[in-house]
Amino acid sequence: MRLFLVLALLAPATALADGKATYTATCAACHGAAGAGDGAAAAALPVKPANFTDPAFWAARTDDQVKKAIREGGAAIGKSPMMAPNPQLTATQLDELVAYLKTFKK
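Mapping the sequence shown onto numbering that gives the first Met the number 0, position 50 (from 1) lands on 49, and the numbers just tick up by one.
Any given hint might turn out to be false.
As the list claims (entries may be wrong) - Result set (BS3-like, lysine-lysine): computed pairs, CA atoms no more than 25 Å apart in a straight line:
no. : residue 1 : residue 2
1   : Lys19     : Lys66
2   : Lys105    : Lys47
3   : Lys104    : Lys19
4   : Lys101    : Lys67
5   : Lys104    : Lys67
6   : Lys66     : Lys78
7   : Lys78     : Lys104
Unchecked claim - Computed spacing ranges between beta-carbons, pair by pair:
no. : residue 1 : residue 2 : range
8   : Pro11     : Leu44     : 26 to 34 Å
9   : Thr89     : Ala12     : 17 to 25 Å
10  : Ala12     : Ala74     : 29 to 37 Å
11  : Pro45     : Leu15     : 16 to 24 Å
Please keep in mind that the hints were generated in silico from the structure rather than gathered at the bench.
Small disclaimer: the values here were computed from a predicted structure and weren't measured.
Beta carbons are placed, not taken as given, at the ideal position from N, Cα and C, and that holds for glycine.
Please construct the entire structure, taking both the sequences and the accompanying hints into account.
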């Protein structure tokens with residue numbers, strides 16, 4: 000019973016760590032390490048990447064819309080086609096990534 004409780008308490012931290020790893024590998028170059036849309040590659044883009052620290056970003060989108068943009072690209076939700084699709088991510092990775100993105104909220 001104690002082992003189960005310890006594992007249950009560690010699961011959210013592990014999910015966030017996994018979400019952070021996915022973010023670092025697939026998103027940070029454009030969206031920046033702190034999610035402000037100011038990554039190194041952002042300067043070369045004609046449309047600036049989403050700023051995950053902006054409350055307006057979160058007010059205008061549901062989790063499902065964010066997941067769709069990640070998986071299918073920005074054009075799938077009427078946003079920039081410069082946002083590339085990431086169809087290789089699993090449903091679990093998408094959930095972890097969105098949970099991590101929410102840590103940038105102010």
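The hints, checked one at a time:
1. Lys19 to Lys66: Status holds; Cα separation ~15 Å.
2. Lys105 to Lys47: 19 Å, holds
3. Lys104 to Lys19: OK: Lys104 and Lys19 at ~14 Å, within 25 Å.
4. Lys101 to Lys67: 16 Å, holds
5. Lys104 to Lys67: Satisfied, since the Cα-Cα distance of roughly 19 Å is no more than 25 Å.
6. Lys66 to Lys78: OK: Lys66 and Lys78 at ~13 Å, within 25 Å.
7. Lys78 to Lys104: Cα-Cα ~20 Å, so holds.
8. Pro11 to Leu44: 26 to 34 Å: With a Cβ separation near 33 Å, Pro11 and Leu44 satisfy 26 to 34 Å, so the hint holds.
9. Thr89 to Ala12: 17 to 25 Å: 19 Å, holds
10. Ala12 to Ala74: 29 to 37 Å: 34 Å, holds
11. Pro45 to Leu15: 16 to 24 Å: Distance hint for Pro45, Leu15 is violated at roughly 32 Å.
Violated hint for the displayed structure: number 11, the only one.
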